[in-house]
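Both chains are given apart, each in its own frame, so use the hints to dock them into the complex.
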Amino acid sequence: MTGETLLEVEGLRVEFGASVAAVRGASLSVARGQTHCLVGESGCGKSVSALAIMNLLARGGRRGADKLSFAGIDLRGMSDREMARLRGDRMAMIFQEPMTSLNPAYTVGSQMAEVLRRHRGTSRRDALDRAAELLGRVGITAPGMRLGQFPHQLSGGLRQRVMIAMALMCDPELLIADEPTTALDVTVQAQILRLLAGLQRDLGLAILLITHDLGVVARVAHRVSVMYAGEVVESAATADLFARPTHPYTRGLLECVPVPGKVKRDQPLGSIPGVVPKVSPGFTGCGFRDRCAHANEICAGDIPRHRTDGDHEYLCRLPRDWAHAA
Amino acid sequence: MTPAIEVRGARRTFRVKGAMFQPDKHVVAVDDVSFAVPVGGVLGVVGESGCGKSTLARLILGLLPPEAGEILVDGQRVLQMDRKARARLIQPVFQDPFASLNPLRRVRDIVGLPLAAQGGMSSAEMAKRVDEMLVRVGLTVEMGERQPAQLSGGQRQRVAIARALVLRPRIVVCDEPTSALDVSVQAQILNLLAELRRDLNLTYLFISHNLAVVEHVATEVAVMYLGRIVERAPTDTLFHAPEHPYTKALLASVLTPEPGLGVPDVGLGDSLPDPSNIPPGCRFHPRCPVAIERCASVAPATTPRNAGIVECHLVPTIAA
Ligand SMILES: Nc1ncnc2c1ncn2[C@@H]1O[C@H](COP(=O)(O)OP(=O)(O)OP(=O)(O)O)[C@@H](O)[C@H]1O
Ligand SMILES: Nc1ncnc2c1ncn2[C@@H]1O[C@H](COP(=O)(O)OP(=O)(O)OP(=O)(O)O)[C@@H](O)[C@H]1O
Ligand code: SF4
Ligand SMILES: [Mg+2]
Ligand SMILES: [Mg+2]
Numbered sequence: 001m002t003g004e005t006l007l008e009v010e011g012l013r014v015e016f017g018a019s020v021a022a023v024r025g026a027s028l029s030v031a032r033g034q035t036h037c038l039v040g041e042s043g044c045g046k047s048v049s050a051l052a053i054m055n056l057l058a059r060g061g062r063r064g065a066d067k068l069s070f071a072g073i074d075l076r077g078m079s080d081r082e083m084a085r086l087r088g089d090r091m092a093m094i095f096q097e098p099m100t101s102l103n104p105a106y107t108v109g110s111q112m113a114e115v116l117r118r119h120r121g122t123s124r125r126d127a128l129d130r131a132a133e134l135l136g137r138v139g140i141t142a143p144g145m146r147l148g149q150f151p152h153q154l155s156g157g158l159r160q161r162v163m164i165a166m167a168l169m170c171d172p173e174l175l176i177a178d179e180p181t182t183a184l185d186v187t188v189q190a191q192i193l194r195l196l197a198g199l200q201r202d203l204g205l206a207i208l209l210i211t212h213d214l215g216v217v218a219r220v221a222h223r224v225s226v227m228y229a230g231e232v233v234e235s236a237a238t239a240d241l242f243a244r245p246t247h248p249y250t251r252g253l254l255e256c257v258p259v260p261g262k263v264k265r266d267q268p269l270g271s272i273p274g275v276v277p278k279v280s281p282g283f284t285g286c287g288f289r290d291r292c293a294h295a296n297e298i299c300a301g302d303i304p305r306h307r308t309d310g311d312h313e314y315l316c317r318l319p320r321d322w323a324h325a326a
Numbered sequence: 001m002t003p004a005i006e007v008r009g010a011r012r013t014f015r016v017k018g019a020m021f022q023p024d025k026h027v028v029a030v031d032d033v034s035f036a037v038p039v040g041g042v043l044g045v046v047g048e049s050g051c052g053k054s055t056l057a058r059l060i061l062g063l064l065p066p067e068a069g070e071i072l073v074d075g076q077r078v079l080q081m082d083r084k085a086r087a088r089l090i091q092p093v094f095q096d097p098f099a100s101l102n103p104l105r106r107v108r109d110i111v112g113l114p115l116a117a118q119g120g121m122s123s124a125e126m127a128k129r130v131d132e133m134l135v136r137v138g139l140t141v142e143m144g145e146r147q148p149a150q151l152s153g154g155q156r157q158r159v160a161i162a163r164a165l166v167l168r169p170r171i172v173v174c175d176e177p178t179s180a181l182d183v184s185v186q187a188q189i190l191n192l193l194a195e196l197r198r199d200l201n202l203t204y205l206f207i208s209h210n211l212a213v214v215e216h217v218a219t220e221v222a223v224m225y226l227g228r229i230v231e232r233a234p235t236d237t238l239f240h241a242p243e244h245p246y247t248k249a250l251l252a253s254v255l256t257p258e259p260g261l262g263v264p265d266v267g268l269g270d271s272l273p274d275p276s277n278i279p280p281g282c283r284f285h286p287r288c289p290v291a292i293e294r295c296a297s298v299a300p301a302t303t304p305r306n307a308g309i310v311e312c313h314l315v316p317t318i319a320a
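Chains as they are written, first to last, in this note's numbering: chain A, 1 to 326; chain B, 1 to 320.
Everything labelled a hint here was simulated from the structure, so no lab data went into it. All C-beta atoms in this analysis are idealised placements derived from N, C-alpha and C, irrespective of residue type, glycine included. Where hints are given, some of them may not hold.
With a straight-line Cα cutoff of 20 Å, these simulated SDA-like cross-link-like pairs (lysine to any residue) come out [said to hold, decoys possible]:
1) K278/A <-> K264/A
2) K278/A <-> V141/B
3) K262/A <-> D236/B
4) K248/B <-> A291/B
5) K84/B <-> L61/B
6) K17/B <-> Q111/A
7) K264/A <-> K17/B
Covered by chain A, according to a simulated footprint, are these stretches of chain B (three or more residues, beta-carbon under 8 Å) [unchecked claim]:
8) 56-64
9) 72-85
10) 123-135
11) 140-150
12) 181-193
13) 260-267
So that you can see chain B by itself, here it is in the shape it has in the complex (with noise of 0.2 Å):
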């Protein structure tokens, strides 16, 4: 069957302007990335901030053209598909709900927006839909007549949530979506994902810095760092045998609600990469706490483990 999203060697760089005198520089975002989720699938994104995430995001929504490489999304290229039927097959939520959502208007006509754009539907019809979207997502009817910054940051992250789904598309690109919620309202919210999945037969691209939420929606993730796909596993495998030394840091760097524990020093440094910079052979090799001489030079190859891979020279070859 088609994969519902196919990515193949994507490359996203942005030229920075350097400082005076200095040259321009390159970030690099998306550093040639391979991967596809099949229909009813749920691949988790994690990874550091500022590794990609939301570029890759952006490149599978078509928003942004890759420099290099390909993305498919339920089979067709995404860049070359008419806006309408994109915005039917595929819709973001998005991190910042303040930055996206426009401030000067009332929220059911920012949750009616996608209805609009398509056309041909009545005004009634429309409003309805708009206000069965926002019960869905656990606003009322009375908050579709305020504006954005009448909201809290959590109520803000519905509207966006209802923006996305009122167009019933089949395919959502997430991008930390509950972040801003409480674990109460981001339980209901996750499990109203969940079973919109189950109904609807959607696929998601989950991208989220909460590794229990990764754990409990994704049906398999995968880590970034610095622009590339270092470890891809189903989720059991890669929350009980994480094998990429970046991924074992996230998993310990997880504060759990004991108190008196602090919070733990994984070694992995103070100083984060920079992506105008990236290290020779294994990007992770300044950081990670096992690496060998080899890392500093070779960069270790995409090895197939577990059903998935994993980029570390410390990774045994295993057949899948």
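Excised from the complex, chain A in its bound form (with noise of 0.2 Å):
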């Protein structure tokens, strides 16, 4: 089962309205068993992907794709009750921001118990119990108390770990999973990532994992992918990817990571100079020209695909080895 191909998008577009692109013909595909990781700067369309592939855009928000399909079914065609079907059960998602998917006026416990009455219609007691021994893998203790808790009485981190274990209440096959650990100290990220991978080798979990801190992508993924401005820049496996950056954004994003003991604290911190332009539809060209130090008149045209050897790809009218020549 691991290595088949669970997810796969190809040519995602998401539009607002008719000013904003948000993503302009994204392409991933996510393995059984495997990580891939999303990455890329702030507003870059990782969260609207994710939400789009989920069909849970705001509204406004118009999706088209390519291909769209999950364990070979095509998400296009699905009907919102199929779809609803869908999620919680065998594609589960955690949110960026928790707070946003807890239901202030209930307690933990019977937002996650619904969770399973819902999809499997088990009694409220078996769901409970279920609740209680997921929220103890995500190591919360004491998990009697935390059920009976409301959401705003939780600290960020408990937030945070409530809704991991509630997206892994019905074992999904696939797990979207956008800044899972960003609101956790390091010790318990590193628990977290832990039983994730646990239940990758275990249940073939497939993760497709957006986050920015580019030491849990290096731990953790299996591909990477680099999104800039609605686009996908660049994509490799793991090891590839950091050894060979190749896309003038990709580069400059890993230049940029403060590694602790190696910062030089009298100094600013490095970041690439610039910011994001407006992307509406029709845009064409490279979306990072204005801040990129190769740019010419070539990269406000088409701007070819590179595919290479070992599935490395990247968007960037360079050639594959200008930044590492022998």
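Given below as structure tokens:
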């Protein structure tokens, strides 16, 4: 089972109104038992891509795709009812901001139990037992007490772990996790990542992990895709991406990562100068060209997508060896 | 000189309803915490999820009364200050931007709210200050017209920062201000905070799980565990010669961007502590990899050490 492609997305497009093209032809796939990490500048379309896959776009968002399949099922033609049945069951999502998906009016226990009751018709009692078990597995002690609490009574990290546990209630095949560990301290983060790795090993869970933490990416991803201004600008196996980053944005991003113990305190932190352009439908050329040190007139036109051996691909006019000349 | 922030013996618990037929429980969030931050200083606060960092922040902001102890900002009792004066002096940037931004308002109204609440400023002047602030945190003036839901997570975080800084406060309490941002934008915001601190002599309390960020911005670091500060030291000392076993475990858990190394298991075990049932002795002892017998029964004293403090039986007393 492991290795078989579970989620396949090709040419995903999302627009809001007439002026925002949030995702512009993004492609990615996630195999069973593997973790695919999605990284990129704030606002580049990571969360919107995830929401589009789950068919949870905010009102006003329009989705298009050349291919959008989950376990061989074409998600594009699915009714809202059918989608709702899949969500939370075979494919689950952990949202970037836990407060958006936890209902402030219900206790943690009733929200968690509801997931199982809805999808499996499990009794309330059994559902609560399962909820307590999962809270324990995400490292929450006194799960009984936490089940009776309301979301606002939890610390940020506890809420985040509740979200993680809730997503795992039905043993999903695919987990889309949007910044699942950013609210957690590093020791708890390590514990959650080990838990997810365990589920992956035992149950073949496929994970699409959105994160800004390149340390997490390096340690858990099998494959990485880098987004910029709505496009996947580079995608490669993890070791390959870190060893041979090729797109100028990817290279800039990796150079910005502060590493504890190696931080130069009296200097500003490295960043990529400039800001993301406003990208409207009809935008052409490379989205990074205003900030790129290598931009020339070619970059305003059609940019080739290079595919090298080992499935390392990138979207840039530069030849593949420009940064790695022997 | 009067410290910008002074906390003396602060304590805060929360009462949580017990499960059916069970008595109510008391969650100890902040337990007898004392420290001071000098004007222009940056105290980084790190520690386990749920150890009381945000509660400490809310105590300092005067949003929550302590049960015991005193909290002074700029030498004044924060709870007794006039609200407008307090808003000009100290401002928060909160952890969960979605929860702290009114979803129905336009971004520019959210950022302008602290100005409006002060009164006495023309709307043209307010608009100008808001525009300046939006640009300063890396948003566009056009984004001011949107509602929070129409922005990305990182863009919302910048809205929260703009709102905190628009009154030009002297003290800013930042609770995970950049955890929603990519490293490049994070660097821009941190560089901005550093620049403002230099130009305006601001003081920050800076809560973060990102240890590299804390190392970069903080002048001093406090490590919290289950409601107490278990180690506090100047930043360089803490990162290069940590003494408390929990601090060491934290540093060892940092994931550096090196593929193939996997996720380390630093030996703290998988069950996290229960803040409604604080262990006797050293509160870290059930998880401490180097605990000795005494740790289970005797609470370690607060020991002065390297211009800071440590609470651990294994750390010998050496005068600072
Ligand atoms: N409902 C909406 N209406 C209009 N624009 C939107 C809406 N939701 C998102 N956007 C825009 O779409 C773009 C992509 O947003 P998205 O939330 O996917 O970013 P992201 O990559 O997840 O960023 P972050 O890392 O900051 O979370 C952003 O520029 C955002 O402003
Ligand atoms: N209003 C409340 N009612 C009940 N318990 C609360 C309340 N606010 C906080 N707590 C509890 O107090 C403890 C400390 O919470 P706090 O939010 O200060 O933690 P934190 O260190 O900020 O954690 P994180 O890193 O996860 O944000 C937690 O156990 C939390 O559940
Ligand atoms: S296409 Fe041009 S602007 Fe874009 S990254 Fe490559 S060189 Fe830079
Ligand atoms: Mg996002
Ligand atoms: Mg907190």
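For each hint, the structure was consulted:
{"no.": "1", "hint": "K278/A <-> K264/A", "in the structure": "violated (33 Å)"}
{"no.": "2", "hint": "K278/A <-> V141/B", "in the structure": "holds (12 Å)"}
{"no.": "3", "hint": "K262/A <-> D236/B", "in the structure": "holds (11 Å)"}
{"no.": "4", "hint": "K248/B <-> A291/B", "in the structure": "holds (14 Å)"}
{"no.": "5", "hint": "K84/B <-> L61/B", "in the structure": "holds (13 Å)"}
{"no.": "6", "hint": "K17/B <-> Q111/A", "in the structure": "holds (18 Å)"}
{"no.": "7", "hint": "K264/A <-> K17/B", "in the structure": "violated (47 Å)"}
{"no.": "8", "hint": "56-64", "in the structure": "violated (count 0)"}
{"no.": "9", "hint": "72-85", "in the structure": "violated (count 0)"}
{"no.": "10", "hint": "123-135", "in the structure": "violated (count 0)"}
{"no.": "11", "hint": "140-150", "in the structure": "holds (count 4)"}
{"no.": "12", "hint": "181-193", "in the structure": "holds (count 10)"}
{"no.": "13", "hint": "260-267", "in the structure": "holds (count 7)"}
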